[in-house]
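Given next are the chains, with one letter for each unit.
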Amino acid sequence: MLKINYNEILDLFETRLRVDDNVRGIAIRYGYQPYMIARYIEMLGFDEALRLLDVFEKKDLFKHSIRCNDLRCNCGRIIDSLEDQGFILKAIEWARYSYVVLEKPQKPSIGATHEYLKGCYYLYRDAASLIPIVIFSPSPGDYILDSCAAPGGKTTHILLEMRDRGLVIANDISMDRLVALKFNLIRMGFKSYVITRFDARKTHEIFRDEIPKILVDAPCSAEGAIMFDPERKNKTSYSALAKLVSREIEILSSSIEALAPGGLIMYVTCSIAPEENEFVISKILDFYRENIEIVSPHNNLWSKGIERFLGYEFNPEVQKCVRVWPHKHLMEGYFICLLRKR
Amino acid sequence: MSSKKEMRDHIIIDEPAEFKPLKEYFEEIFDMYTLESFFRDKKLIYLENRYRELYVVNIDLLEYVNKMLISRKIRIMSLGLFVGFIKGNKFIPSPQFLEELYALIGRFRGAVVAKEKGVKAFLYGNDLLYESVHRIYKPFKKDYIVGVIDRSDMRVIGVGRAAVDLEEIREWINKPDSRLRPVVYNEFDLGFFLREQKEYIE
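Protein chains in written order, with our numbering: chain W, 1242 to 1583; chain X, 1472 to 1673.
Because the hints were derived from the structure by calculation, they are not lab data. The hints are all genuine.
Restraint ranges, calculated between C-beta atoms of paired labels, are given here:
#, chain 1, residue 1, chain 2, residue 2, range
1, X, K1538, W, E1289, 47 to 53 Å
2, X, T1505, W, N1532, 49 to 55 Å
3, X, K1609, W, E1334, 48 to 54 Å
4, X, D1614, W, D1311, 37 to 43 Å
5, X, N1529, W, M1242, 32 to 38 Å
6, W, E1289, X, L1575, 56 to 62 Å
Heads up, the beta-carbon is just placed ideally off N, CA and C, and yes, glycines get one too.
Whenever a hint applies, use it, and build me the whole structure from the sequences.
Following this line, the structure appears as structure tokens:
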């Protein structure tokens, strides 16, 4: 079981940050903590970092998306009905039965239509949330642990891909969010699930080398979702980020211990922070060595993982992970990495 | 309730046909044959969360859940198809369960088909009024728990308690002052999920 103290993470990166007057000026202009700006420039270069910051200011560029519940509803009729109500939808080429909501009427909201209440679709903040399960490709009859499942966007997507056959253990620790998860699973009429509540860092204490597939949608800084929640610009200090990274490593490591040999584990964050992503994966690869490998996605339509950051060289295998950049892909920032236990 | 096994916060009901609230509901609206047909190879799970909830799971799935979770003292929050809940001593079926039952027997029973205005009002938690009733499927008696169906797609949008007997409603025909009388008191509707939960969009 791998655990890394957050001070170690903080020491590793914070000391390498270059926060000069230029960085401070941009931070003031866009309302960020300077450390965040310094990291964006380090990752992307100056011009591209500004493009990222500009895109984070334009929430309207990012559109809600839906995944139709083709198990219970006729998706063609649902789309027709939504369009009759004034919505304009565009099919997402890489995700079946999924649509971007390009335009919407004043009323109803896309999260309050009769079709929504009848469980005919799940509503996402934007299409990036659909990517992990498209890559994960669950099949009917699978047995999957979704260790940080609430509010259920990926759980419902998994169950739809599984045709509601098999079993999903949908787990979370937050009671409020578990209620949302439960309502979403009931609303959409699923049967092949069980909702549990335990700390994902303790997964290995419950299961040992026995779960064939695990999704770890780790609680993160949400640094890829600043366009939806501008308070994120000042919410997470570098020290708090390091604590999140420490927890992410613990959750992923615990989940790997629970994974069956030959099993697949998907690590996901809605953060663009390399500390929460490539660093976590590198540490896991170093710790488990020949027991864990990254699986190249069959369809990376987005970007690769980055190899170095602030002079720190990640394991070169992290290039096989997927990065979604808000300014490049016009979606919420995401990191997705598929791993196999040998 | 017979042969129940207590396991932390949930109870497995081995014989759903002997679970009184469920039995009474099926005797009123469907029949015991439908109950037994539906629950063949399935178990009823009683879970006491904020409400007294009922779920149904396949025996195979339950065995797996038992082996992987229950035997390891993992608390179950919910599982399988949400069948409904117990209010007082009455069983209130979920819309999802009613749809399964209607599909099983191939017709509607104990249900009211609502017009557009009534559907909207019911989904906001309001009662269904006579002016919004398109059709009634028997059995329909005062205090029976009945399904409410959207006329536009014949999907179940909620469940309510019959406010009157069918015979009384027949007397309302052509009486304009009857149009605002309640026919079904709202017990549960699909809008509940939207009203009750905090908004989490991911």
